[in-house]
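Q: So the sequence lines, in the order shown, correspond to chains F and S.
Heads up: the first sequence begins at 1298 in my numbering, then just goes up one per residue.
Heads up: the second sequence begins at 43 in my numbering, then just goes up one per residue.
To be clear, the hints were calculated from the coordinates, so they are not data collected in a lab.
A virtual CB, placed ideally from N, CA and C, is assigned to each residue, including glycine.
Treat the hints with care, as some may be off.
Said to hold, decoys possible - Facing chain F, a subset of chain S residues (Cβ under 8 Å, in silico): (1) Leu69; (2) Leu70; (3) Asp71; (4) Trp73; (5) Tyr77; (6) Asp128; (7) Ala129; (8) Met130; (9) Val132.
So you can see what is in the structure, the chains are spelled out below.
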Amino acid sequence: MNQPASAISQTLDLEAVRRDFPILSQSVNGRPLVYLDNAASTQKPQAVMDAISDYFSTTHSNVHRGAHTLGDQATAAFEGAREKVRGFLNADSTREIVWLRGTTEAINLVANGLVDTLKSGDEILLSHMEHHANIVPWQMLAKRTGAVIKVIAVTESGELDQDSFRELLSERTKVFTITQVSNVLGTINPVKEMVAAARKMGAITLVDGAQAVPHGPVDVQDLDCDFFCFSGHKLYGPTGIGVLYGRYQVLKDWPVFMGGGEMIERVSFEGTTWNECPYRFEAGTPAIAEAIGLGAAIDYMAGLGWHQVAAAERTLNERIQSWLPDFNGLQVIGTAANKAPVVSFVMDGLHPSDLGTLMDQQGIAIRTGHHCAMPLMARFGLPGTARASFAFYNTPEEVDQFFTGLKKIQRLFAE
Amino acid sequence: MTDSTSFTDNPLGSDTRIEDILEGFELLDDWEERYAYIIDLGRKLPPFPEEQRLEQNYVHGCQSQVWLIHQRDPDSGKLYLLIDSDAMIVRGLAAIILAALNAKQPQELLAVDVDQLFKELDLMRHISPTRGNGLRSMVGKIQNIAQTEAA
């Protein structure tokens, strides 16, 4: 693999990094694009596009079918990508890495697996800051089993209320499912401690890592959760590919989700037996190219250096913080000390949709609305917020452009 | 029942006509001026009767809250519309729509090419089906009303 130009120095050479992401150099509405919707989806480095293109140009064939050379090469590339994900998560074995479409599918797979084990009165513990993807599958499960959903409160600063957690956690808690980083607020949650407490009660634990992985590798053995999931497109990789990590001891007996080819050991009309982990969860032809693209994204990020990425994000956070104290009329939602470079906010007298439209006019892409977290919006008594979410490839100058863009809008409405 | 004067006092579509807005737009150079003008138009929306904030008057598919009511004048046969939103730009765009569609015979209203109008104003993006501000559903709802009234 080509080393990215920027990997040579200790701190990221942002200009070189940005050249690796072709989309960032375009203009929108006559202005240079300032892409601040990274929590929704991150952009892709050329290395990812090349990996996909190379795969289709030279290697493509169906995987795990043997019999011919291309098939072997495609399988090797596909399984090689699985190994990269294993390394990224520090999982014990690739048996624990299931390819799926994304976080949403992963959570649905886990929830579905509990249909026959959860009983009426059992409790599913999650938090008020979950994405709908980590709420709705559990509601569906609760409806089918009679289980009850318990919701950990969120404090005014946008952190998980640990008293509330301790109060709600009990032997009745059969499932504990929590986001590592809030998609709306950027809050980084103390998931390791919470998972440990929940496991002590005997609960199955799941960590939604969708918003965590763009900021750095995860150690699932250290987190010690039963399940961890994320989406490739938030890790600078392709859409349509995601990962479910499952602790082997739990995953090996987990009920299958979808039936079809690949997931079986033997099919007959008298009865069918399931394949080994992780293949038993991968019915049908998988997203081969996308998996390989995700592997390339992991390589690319490792090549840049995750420490450098973290340092770049700290610089962004510091620049954000330097603007906030003197910014009148701006209310930031989510003020945790430990947070990803995300600014969720409302402005006096301005509807988030107005903000979105007028930032877009300036070439600045932000997200507005409820961010698929309506319960959290309700918690703060807001119909929605505007959210600027930064990635390591954003520059401190873009932070300035973001805030001066907001000032411009304030002036427009003051006229 | 909402007082009919709330409808007929609306200057949009009568005193303020779409031709005036089109002319006004021509004088504006950059996005700031254009949107300042749109925001200004939004401030001209007449007050929306509080008692009409009902589910049946709510326009779905918008990021902001949008309300729409109508009344047919029994004498003139004209169709009067009132729109409200909590987002200023949506209010401004609603004002443009009212300038084009309000206080008209239903048949006349149906003859207005709203897409063409937004193209001329270079505001097409706001009415495209991919945009979440619900302008398209707002216009669709008005056209449905006109169709029912014209039948």
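Q: Would you mind marking each hint as holding or not holding in the structure?
A: Status of each hint after checking the structure:
With a least beta-carbon distance of about 16 Å to chain F, the hint placing Leu69 of chain S at the interface is violated under the 8 Å criterion. Interface hint status for Leu70 of chain S: violated, as the beta-carbon distance to the closest one in chain F is roughly 13 Å, over 8 Å. At a threshold of 8 Å, the smallest CB-CB gap from Asp71 of chain S to chain F is about 12 Å, leaving the interface hint violated. Among the interface hints, the one on Trp73 of chain S holds; its C-beta lies about 4 Å from the nearest C-beta in chain F, closer than the 8 Å criterion.
Look at Tyr77 of chain S: its Cβ gets to within about 6 Å of chain F, closer than 8 Å, so that hint holds up. Given hint, Asp128 of chain S at the interface with chain F, holds; its Cβ is 6 Å from that chain's nearest Cβ, closer than 8 Å. Hint on Ala129 of chain S holds. Least Cβ distance to chain F is approximately 4 Å, under the 8 Å limit. A least Cβ separation of about 5 Å between Met130 of chain S and chain F falls short of the 8 Å threshold, and the interface hint therefore holds.
Taking 8 Å as the C-beta cut-off, the interface hint given for Val132 of chain S holds, the closest approach to chain F being about 7 Å.
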